[in-house]
Amino acid sequence: MWIASKCKQVTLVTIFLYFITPAKPATSAYVQPLRTKQAMVVSAHPLASEAGVEILRKGGNAVDAAVATTFAISVVEPFSAGIGGGGFLLLHQPGKEIKALDFRERAPLKATRNMYLDAQGKVRPNVSIDGYLSVAVPGTVAGMYEVHRQYGKLPWATLIAPAMRYARDGFVVSPRYTNAAESRQEAILANPAARQIFTRDGRMYQPGERLIQRDLAATLQSIAKNPQSFYTGNIARAIASNMARNGGLVSLEDLRTYKPIWRTPVCGNFRTYRICSMPPPSSGGVHLLQILNIIGNTDLRSLGWRNPDALHLMVEAMRIAYADRSEYLGDPDFVKVPVAQLTSRDYATQRRQEIRMDTVRRSSEVKPVDRQTLLRYIKGKESSETSHLTVIDPQRNAVSLTFTINYGFGSGVVTPGTGILLNDEMDDFAAAPGVPNAYGLVGGDANAIAPRKTPLSSMTPTIVTENSRLRMAVGAPGGSTIITTVLQTILNALEYSMDVGSAVAAPRIHHQWLPDELRIEPFGLDYATIVELCRRGHKIEERSTWGNANAIVVTPDNMLEGAADPRGEGSPRGF
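Per my numbering, the sequence shown starts with residue 1, numbered consecutively.
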């Protein structure tokens with residue numbers, strides 16, 4: 001590595017070595033944005049984007065296209081998201097209030113606060129990640145049917161058809177698929193039904209080979225006829241009986257009583273823009289707005305895209321936001337989440353005063369604000385895996401949707417005969433206060449396990465308007481990095497005036513309070529900037545690239561400009 005871990009060796013010698021070392025490739029290649037007049041779909045896989053555009057060409061609206069794209073992703077990107085998982089959706093309709101739909105997975109009725117602890121009170125390794133006990137009640141099918149029932153246009157079965165075709169006829173797997181499968185090989189091989197689908201007699205599929213999922217095609221056909229079959233019919237019975245035989249907790253009662261929830265999005269102002277995102281039980285919208293509020297009126301554009309002052313301010317704002325996340329964020333149906341206070345500009349001003357621009361504060365010094373202090377602030381009159389997709393139709397309806405099965409290939413559990421790969425979303429709860437999950441995020445009592453409770457998420461589907469006009473729809477996968485990825489994509493496009501291709505491709509930074517490290521992508525920052533950040537006390541860790549953002553921007557001349565992250569294999573499609 002050209003930079004020593006934690007900035008321990010930033011000397012004249014390392015500077016000299018840096019300049020004589022052959023150049024490495026940039027973090028990510030520039031992507032040429034797609035521009036179109038009418039409508040556009042951007043997702044994490046070309047076939048899924050094609051499915052969405054197919055529906056738009058048939059006269060469907062943004063909701064129809066989003067549903068079709070979601071089901072298609074469930075087939076062609078099984079390692080990241082699917083009908084065995086759940087997620088969040090934001091819907092923009094011109095002249096109307098933005099809608100937010102929570103179709104996140106929920107804890108089973110038999111779930112208990114200490115279900116992952118041993119007799120000594122310590123967390124049992126991997127139980128919340130691998131196998132039947134890690135599975136929460138899926139919400140994707142119910143969520144898609146709910147949004148279609150209220151706002152869709154074309155027949156439901158028409159929207160499932162592309163996904164059924166991909167499952168029945170198969171698709172050619174990519175290196176990205178193969179890498180994801182190999183990283184979760186142990187979990188896949190441990191489950192006979194998963195092994196039967198995702199391997200060839202125990203050998204992982206290689207790039208260029210065709211993966212066919214006949215059981216999943218039959219399941220999708222059943223859902224196309226009756227979406228409730230997933231929750232009350234043969235599919236539900238298959239899931240529940242397989243769970244009961246293998247120590248899982250999801251029951252027929254859990255499935256029968258699952259309902260998606262319409263929630264009020266969190267919205268705030270930044271410059272001339274109105275930014276709306278997902279409220280709790282996602283932490284995404286709250287902390288996106290909190291970080292933007294802490295940045296406040298600082299003119300980042302005049303400082304420059306990778307200026308040390310701009311980066312330092314952004315990192316310290318991230319540190320504060322993630323500290324508050326650990327204390328206050330959880331399911332609002334179970335705990336009081338102080339959304340108005342956390343997104344208050346007055347509160348942000350107070351926290352901004354704690355930031356020293358010449359030096360860092362260690363995360364051990366940055367604590368969540370105490371509740372009594374926080375409650376003084378009133379908002380006033382201002383209102384690893386996972387997949388994201390963005391749709392805008394000719395009427396400028398827009399959908400920003402993020403959904404997941406959590407870890408790569410979820411729990412590794414497939415319900416026999418259905419082809420459904422189930423989530424391991426229970427890991428997003430706090431198994432014990434202060435114990436990090438698979439993404440290193442720390443939680444407390446607000447995110448403790450309880451029956452029917454929704455685990456805390458970082459998913460941040462976001463819609464930006466300007467003077468009531470649609471300006472941008474954006475989101476990303478990436479576990480704990482989702483919030484900061486969406487933040488930087490928005491700033492790149494709207495503050496630094498990058499085209500959307502540059503905005504999603506630009507190198508990223510990330511800080512999440514704990515662990516106390518500033519993550520950078522390979523060659524994401526020039527050496528002089530790193531030296532200055534080290535001088536201020538940042539503990540820098542170079543990590544492999546992360547995130548897979550996509551976005552669509554509405555330009556001043558009312559054209560759509562969309563791009564998918566070059567870190568993934570997605571693409572925009574339009575007409």
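Watch out, some of these pointers could steer you wrong.
As the list claims (entries may be wrong) - SDA-like mimics (lysine to any residue), calculated; alpha carbons at most 25 Å apart, straight line:
1) K96 / R165
2) K259 / G233
3) K153 / R165
4) K110 / Q120
5) K99 / F270
6) K37 / F575
7) K367 / V339
8) K225 / D215
Stated by the list, open to error - Label-pair ranges, simulated between beta-carbon atoms:
9) W305 / K58: 16 to 24 Å
10) T232 / T359: 53 to 61 Å
11) K367 / N234: 48 to 56 Å
12) R214 / Q372: 33 to 41 Å
13) A119 / R195: 29 to 37 Å
14) R543 / D201: 49 to 57 Å
Please keep in mind that the hints were generated in silico from the structure rather than gathered at the bench. C-beta: ideal position from N, C-alpha, C; glycine also.
Ascending list of hint numbers which this structure does not respect: 1, 9, 12 and 14
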